[in-house]
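Those protein sequences? They're chains A and B, same order as listed.
Per the numbering used here, the first sequence starts with residue 1, numbered consecutively.
Per the numbering used here, the second sequence starts with residue 721, numbered consecutively.
Honestly, the hints are just simulated from the structure, not real lab data.
C-beta atoms are modelled at their ideal positions from N, C-alpha and C, and glycine is treated no differently.
Nothing false has been slipped in among the hints.
With a straight-line cut-off of 27 Å between C-alpha atoms, the simulated DSSO-like cross-links for lysine-lysine are:
(1) A/LYS399 - A/LYS598
(2) A/LYS533 - A/LYS552
(3) A/LYS712 - A/LYS402
(4) A/LYS153 - A/LYS372
(5) A/LYS285 - A/LYS323
(6) A/LYS140 - A/LYS123
(7) A/LYS34 - A/LYS481
(8) A/LYS371 - A/LYS285
(9) A/LYS361 - A/LYS712
(10) B/LYS794 - A/LYS34
(11) A/LYS530 - A/LYS18
(12) A/LYS69 - B/LYS794
(13) A/LYS4 - A/LYS533
(14) A/LYS144 - A/LYS284
(15) A/LYS371 - A/LYS153
(16) A/LYS389 - B/LYS922
(17) A/LYS34 - B/LYS789
(18) B/LYS922 - A/LYS598
(19) A/LYS34 - B/LYS922
(20) A/LYS18 - B/LYS922
(21) A/LYS598 - A/LYS712
Ranges between beta-carbon positions, derived for each pair:
(22) A/LYS144 - B/ALA901: 47 to 53 Å
(23) A/THR252 - B/ALA781: 26 to 32 Å
(24) A/ARG58 - B/SER790: 52 to 58 Å
(25) B/SER899 - A/LYS399: 20 to 26 Å
(26) A/ILE635 - B/SER790: 45 to 51 Å
(27) A/ASP711 - B/MET900: 27 to 33 Å
Covered by chain B, according to a simulated footprint, are these stretches of chain A (three or more residues, beta-carbon under 8 Å):
(28) 30–42
(29) 96–106
(30) 446–453
(31) 643–651
(32) 656–666
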Amino acid sequence: MATKYDWPAAEDRSLIGKRHNRVDGPAKARGAAKYSYDRNLDGMLFAKLVTSTVPHGRIVGIDTSRAEKAPGYKGHVNILNVGDEVQWAGAEILAICADTEEHVRDAAAAVTVLYESMPHWVKDEDVEKAGTANRVQPAKDDTKGPDLEEAWKSADATVEGYYGLAVITHCCLEPHGQVVDWTGDDITVYASTQAVARIPGDLAKGLSRDENIGTVAPDSVHVITPYMGGGFGSKFNIDTWGIACAKLSKMTGKPVKLMLDRDEELMVAGGRPSDFGNIKIGAKKDGTLVAYESETWSTGGIAGRGSPPVPYVYNNEERLAQKARHLNVSTNIGPARAWRAPNHPQAAVLTMCPMEDLAAKLDMNPVDFFKKNADLTARPEVYRYEIDKCAEMIGWSDKWHKRGDSGSGPVKRGLGMSLHTWGGRPHDSTCEVRIQPDGGVSVNMASQDLGVGTYTTLSVIAAETLGLQIPDITVNIGSSKLPISGASGGSTTVGGTTASTRRATVNALDELKAVVAEALEADAADLVAKDGKVFSKTDSSKSLSWAEACRKLGNRTITGQGKQPDRNGGKLNDSGVGGVQMADVSVDVETGIVSINKIAAVQDVGLVICLEQCESQVYGSLIQGVAWALYEESIYDQTTGKMLNPDMEFYKLPGAGDIGELEVHMVQNKYDDRGVIGIGEPPAISPGAAISNAVANAIGVRVPTLPLTPDKVLAALADA
Amino acid sequence: MSSKNPTDGPVCGPDQEPRKGFSRRTFIEGVGIGAGAVGAIGAAEPARAQSSEPVGPDPVAITLNINGKSHELKVEPRVTLIDALRNRLDLTGAKKVCDRATCGACTVIVDGDPVYSCTMLAIEAQGRRIETIEGISTEDSMHPVQAQFVEHDAQQCGFCTPGLVMAGKAIVDGNSQPSMADVESGLSGNICRCGTYVGVRKAVYDAARA
Numbered sequence: 001m002a003t004k005y006d007w008p009a010a011e012d013r014s015l016i017g018k019r020h021n022r023v024d025g026p027a028k029a030r031g032a033a034k035y036s037y038d039r040n041l042d043g044m045l046f047a048k049l050v051t052s053t054v055p056h057g058r059i060v061g062i063d064t065s066r067a068e069k070a071p072g073y074k075g076h077v078n079i080l081n082v083g084d085e086v087q088w089a090g091a092e093i094l095a096i097c098a099d100t101e102e103h104v105r106d107a108a109a110a111v112t113v114l115y116e117s118m119p120h121w122v123k124d125e126d127v128e129k130a131g132t133a134n135r136v137q138p139a140k141d142d143t144k145g146p147d148l149e150e151a152w153k154s155a156d157a158t159v160e161g162y163y164g165l166a167v168i169t170h171c172c173l174e175p176h177g178q179v180v181d182w183t184g185d186d187i188t189v190y191a192s193t194q195a196v197a198r199i200p201g202d203l204a205k206g207l208s209r210d211e212n213i214g215t216v217a218p219d220s221v222h223v224i225t226p227y228m229g230g231g232f233g234s235k236f237n238i239d240t241w242g243i244a245c246a247k248l249s250k251m252t253g254k255p256v257k258l259m260l261d262r263d264e265e266l267m268v269a270g271g272r273p274s275d276f277g278n279i280k281i282g283a284k285k286d287g288t289l290v291a292y293e294s295e296t297w298s299t300g301g302i303a304g305r306g307s308p309p310v311p312y313v314y315n316n317e318e319r320l321a322q323k324a325r326h327l328n329v330s331t332n333i334g335p336a337r338a339w340r341a342p343n344h345p346q347a348a349v350l351t352m353c354p355m356e357d358l359a360a361k362l363d364m365n366p367v368d369f370f371k372k373n374a375d376l377t378a379r380p381e382v383y384r385y386e387i388d389k390c391a392e393m394i395g396w397s398d399k400w401h402k403r404g405d406s407g408s409g410p411v412k413r414g415l416g417m418s419l420h421t422w423g424g425r426p427h428d429s430t431c432e433v434r435i436q437p438d439g440g441v442s443v444n445m446a447s448q449d450l451g452v453g454t455y456t457t458l459s460v461i462a463a464e465t466l467g468l469q470i471p472d473i474t475v476n477i478g479s480s481k482l483p484i485s486g487a488s489g490g491s492t493t494v495g496g497t498t499a500s501t502r503r504a505t506v507n508a509l510d511e512l513k514a515v516v517a518e519a520l521e522a523d524a525a526d527l528v529a530k531d532g533k534v535f536s537k538t539d540s541s542k543s544l545s546w547a548e549a550c551r552k553l554g555n556r557t558i559t560g561q562g563k564q565p566d567r568n569g570g571k572l573n574d575s576g577v578g579g580v581q582m583a584d585v586s587v588d589v590e591t592g593i594v595s596i597n598k599i600a601a602v603q604d605v606g607l608v609i610c611l612e613q614c615e616s617q618v619y620g621s622l623i624q625g626v627a628w629a630l631y632e633e634s635i636y637d638q639t640t641g642k643m644l645n646p647d648m649e650f651y652k653l654p655g656a657g658d659i660g661e662l663e664v665h666m667v668q669n670k671y672d673d674r675g676v677i678g679i680g681e682p683p684a685i686s687p688g689a690a691i692s693n694a695v696a697n698a699i700g701v702r703v704p705t706l707p708l709t710p711d712k713v714l715a716a717l718a719d720a
Numbered sequence: 721m722s723s724k725n726p727t728d729g730p731v732c733g734p735d736q737e738p739r740k741g742f743s744r745r746t747f748i749e750g751v752g753i754g755a756g757a758v759g760a761i762g763a764a765e766p767a768r769a770q771s772s773e774p775v776g777p778d779p780v781a782i783t784l785n786i787n788g789k790s791h792e793l794k795v796e797p798r799v800t801l802i803d804a805l806r807n808r809l810d811l812t813g814a815k816k817v818c819d820r821a822t823c824g825a826c827t828v829i830v831d832g833d834p835v836y837s838c839t840m841l842a843i844e845a846q847g848r849r850i851e852t853i854e855g856i857s858t859e860d861s862m863h864p865v866q867a868q869f870v871e872h873d874a875q876q877c878g879f880c881t882p883g884l885v886m887a888g889k890a891i892v893d894g895n896s897q898p899s900m901a902d903v904e905s906g907l908s909g910n911i912c913r914c915g916t917y918v919g920v921r922k923a924v925y926d927a928a929r930a
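Input sequences plus hints: build the corresponding full structure.
In structure tokens, the structure reads:
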């Protein structure tokens with residue numbers, strides 16, 4: 001049923017779905033945006049962690065006596081104690097603070113921790129060896145769909161192959177950390193976080209566990225995060241370092257800054273589980289998929305983690321016989337954190353790569369094969385449309401050739417594709433919109449902008465609703481004192497925050513209309529806010545400029561409230577999207593170097609709010625995908641149990657010249673009536689599988705695991 | 721990696737010689753580094769005056785010329801330019817990310833050349849003209865590179881942005897008609913994690929022509 005909260009009809013949208021400059025763009029381009037790392041408070045101390053140098057052991061001694069005599073030393077707090085077990089190198093043991101950054105480095109280096117060494121295991125790919133080391137947790141089979149044995153009998157072609165991808169780490173450019181200023185009963189936290197509203201409770205709980213501190217009320221904590229430098233799923237909690245930083249602030253009576261060093265950031269503050277698997281897949285002669293069977297294993301640290309939802313996208317339980325078994329490998333590496341679309345990028349590799357191998361075996365063009373089986377997906381028509389659109393963008397029909405049929409020169413070119421899906425439902429959100437007598441409008445909520453464009457989307461919603469322009473709106477987010485809104489994870493933010501903002505703004509406008517109706521002697525129901533005016537749609541002589549209308553408020557400020565969910569508030573959002581990506585690569589078979597010529601991406605997200613920022617999310621996903629497809633890997637050494645590349649020299653990320661040409665198409669005007677759906681995760685899923693498939697198409701053999709480094713490419717060619 | 725290794729260094733605008741002068745590496749060769757590092761300063765050309773009288777490890781008074789203004793401060797000789805800018809002068813536009821001359825987030829311009837400020841000591845920056853992101857725009861107008869970053873949505877979280885803007889400025893200062901390959905080469909010493917390169921490339925290319 002239609003309500004006044006519904007999104008304006010397409011012909012009435014002047015801002016929604018259009019291109020807009022990022023509201024926070026100038027502050028960021030000027031270097032004026034203040035991140036947590038940038039806070040310099042009066043008398044502020046610098047803190048640093050002391051972390052475990054062993055991958056597994058029991059702490060038998062912590063000696064801080066030399067550190068306490070170091071110049072500038074101000075205090076330290078233990079995070080672990082003698083007798084505690086550390087389960088990965090880099091685990092947080094204590095936090096120490098001093099008057100300068102240089103002094104705290106000296107003081108931290110003067111701490112001695114002694115361990116009783118315990119056996120460690122850091123390798124995940126060789127599951128048999130991991131099993132011998134007693135590191136593989138038992139699993140059970142998950143069987144769905146038609147009878148598997150019958151399905152295999154009906155298959156005319158099968159492929160059995162090995163596929164996988166390595167552990168990678170988030171490597172947020174602003175490391176995890178915060179500045180804490182504990183003054184009297186007030187704890188102000190400048191936290192680099194994806195969860196402004198969650199941190200007060202998280203910190204209060206962590207502090208209250210310390211009997212020397214006693215109960216801390218969440219309301220005494222004020223989190224301030226107007227900007228944050230990257231999270232990607234890794235920054236939801238206050239973490240041990242945040243609690244320790246607060247304790248140091250209380251202990252010293254000074255503000256304290258504790259931001260992780262780069263090596264700590266890469267070892268303990270990020271981590272996407274690996275996934276490896278033996279996959280068997282079968283189809284009939286005409287390309288109809290009939291069965292998918294997998295044994296997969298992965299690690300995300302001690303707890304394992306990383307069970308992939310396979311078969312991915314092509315998973316109709318009535319028509320496709322499926323059997324999956326997943327093994328958790330327990331390793332002494334930093335624990336996994338959520339990474340954009342947890343487990344989906346892995347599932348895409350473990351599904352779309354075997355599918356392309358099967359298409360090659362069937363001598364089918366993958367475009368035809370993936371379309372032919374679209375009925376096995378949840379949204380066949382969407383995927384068929386998106387496959388065709390993407391194929392057009394990459395020039396598939398001109399450029400695609402049969403696998404390995406790529407000429408005689410040393411540089412082979414190939415195309416590959418992948419599909420993905422994600423939910424992106426809205427999170428809970430409350431919003432307060434204020435209209436001031438001077439015409440000022442503010443949108444207020446304890447949300448956060450991770451760089452996705454929250455400032456911009458909320459400005460667009462309020463401006464569109466009030467008939468104003470983006471600069472007329474002030475968006476106040478990044479403070480936990482504002483109305484509560486959800487954490488930014490799982491592509492839930494844009495759906496939640498735009499709905500609460502729309503409802504709050506409509507409610508505020510209703511109040512303004514009531515005041516204006518009286519002044520104009522008009523019916524409030526006839527009033528419209530558009531083009532900077534409030535006027536009667538039935539009598540054009542009854543019209544006020546926005547400023548005049550707001551002056552009628554006298555000295556009163558209107559506050560409109562809105563929330564998500566709201567059963568009576570119209571249908572503003574949805575979940576469940578599709579997307580298709582295709583890659584065009586060149587591979588030098590003499591050096592093994594893969595380079596990207598082009599990647600094309602087609603993505604639906606329901607109603608697009610800010611087209612340019614939506615596209616930026618997809619571009620960013622493709623570039624991150626190039627990174628983990630070709631370069632990125634957390635490399636662990638079994639002998640020492642340590643990560644060998646916790647830095648940015650050897651933890652490789654692409655530069656501006658490594659990404660080729662990228663083309664993004666957001667599907668608009670097709671699924672707008674579904675409302676707003678999140679964009680952060682979906683496009684981040686497919687790039688690895690698409691690039692791997694393109695490499696296989698180019699060189700004629702499958703490079704089994706990502707990243708597709710030159711050594712692996714050459715090894716695959718040599719094995720062929 | 722491809723032949724365009726992102727770690728090749730900021731460093732230059734196109735057609736420029738690789739940086740001369742002081743780097744972390746030459747510093748290590750020259751005087752060693754660590755808690756008790758002793759720096760070397762002189763008057764005329766402090767950066768190169770390796771044979772002059774040693775100072776430190778206690779803080780020494782230095783003067784830095786930043787964005788046309790003279791700043792006097794006392795720092796230990798081991799303090800890097802990035803830490804002096806951020807921790808002593810509250811010039812926090814330049815970011816500390818890798819702290820090892822790889823990612824370019826700390827890029828500033830010294831005597832016209834882009835430099836990783838994590839890899840230059842503050843004492844070595846004396847007597848040189850230092851430009852930071854805070855100094856290239858006025859309250860009313862942004863530098864063309866900054867304006868084009870906004871136009872092309874060349875930023876997400878924005879943490880790498882100041883370094884990329886300064887690297888971009890160095891490119892356009894040295895070349896009013898850079899090719900896209902020139903732009904990619906000049907930006908190859910800067911890393912963005914969110915993935916903003918598509919907008920960044922266009923922004924720098926267009927800014928040169930603005």
